[in-house]
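Visitor: What follows is the residue order along each chain.
There are 2 protein chains.
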Amino acid sequence: MHVYEFQDMMRQIYFHHDSKRGAEGTYLWLVEEVEELDEAIKGRDKKALEDEFADVLAWLASLANVVGINLEEVTMAKYNQKCPKCQSKPCQCTQSFTALPLGQH
Amino acid sequence: MHVYEFQDMMRQIYFHHDSKRGAEGTYLWLVEEVEELDEAIKGRDKKALEDEFADVLAWLASLANVVGINLEEVTMAKYNQKCPKCQSKPCQCTQSFTALPLGQH
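Residue numbers (my numbering), protein chains in the order written: chain A, 8 to 112; chain B, 8 to 112.
With the rest of the complex left out, here is chain A:
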């Protein structure tokens, strides 16, 4: 399934809820699911891991619908067969991009 098709399917299933909840509330759900993904990774539970990856992508699509972003378009505009920083595939970046994000050490 194309990324835009998935986003459209999420719109058909959830937009009546998502638009009422708004960007802030939908973002909080996304954060909640990202936290649950962490628990699933640490718990090494395959079924929970599958569920949580699905939920994070679903809530990301819901949030994109609420704020009017086409996920596939913006992602392909930035990551089109190469790293947007070094313009290479595979990525040749050697700096902080490959390590942990700032402030997370």
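Hints should not be assumed to be uniformly reliable.
Stated by the list, open to error - Think about it this way: if two alpha-carbon atoms lie no more than 20 angstroms apart in a straight line, the pair counts; the simulated DMTMM-like pairs of lysine to aspartate or glutamate are: (1) B:K27 x B:D15; (2) B:K96 x A:E12; (3) A:K96 x B:D15; (4) B:K89 x A:E57; (5) B:K53 x A:D45; (6) A:K85 x B:D15; (7) A:K54 x A:E39; (8) A:K54 x B:E80; (9) B:K89 x A:E12; (10) B:K85 x A:E31; (11) A:K89 x B:D15; (12) B:K54 x B:E42; (13) A:K85 x B:D52; (14) A:K92 x B:D15; (15) A:K85 x B:D58; (16) A:K89 x B:E42; (17) B:K92 x A:E39; (18) B:K85 x A:E80; (19) A:K85 x B:E80; (20) A:K96 x B:E12; (21) B:K27 x A:E12; (22) B:K92 x A:D58; (23) A:K53 x B:D58.
Stated by the list, open to error - Among the chain B residues that face chain A by a calculated CB cut under 8 angstroms, a handful are: (24) H9; (25) V10; (26) F13; (27) G29; (28) L67; (29) I76; (30) K92.
In case anyone wonders, no lab produced these hints; they're calculated from the structure. Note that the structure is a prediction, hence the values are computed from the model and not measured. Note that beta-carbon positions come from the ideal geometry of N, C-alpha and C, so glycine has one too.
Use these hints to put chain B onto chain A, whose structure you have.
Guide: Here is chain B on its own, set in the frame of chain A:
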């Protein structure tokens, strides 16, 4: 582009970095990007918003590659043309699912 094609493209560009960084470090990057998405939403900057949605999806795909999850498969297994809770499209759920997540009020 199919979800699995995007995930595979991320593998080709970044897996040498992602596998070395590991699940925990890659998860921290995902969290960092989710936080930047919040700033972009609050800042109402269209270009930043597009960039951050792309980054969150990219890091989610990287993390899925590290832990061996096929994003498209698990998402379609859970969200296949209907809400997994009420089995309807549009979703007919009336409970907490439609409000803010627990502990976030």
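Visitor: If any of the earlier hints don't hold here, list their numbers in rising order.
Guide: 5, 10, 16, 18, 19, 21, 23, 27 and 30
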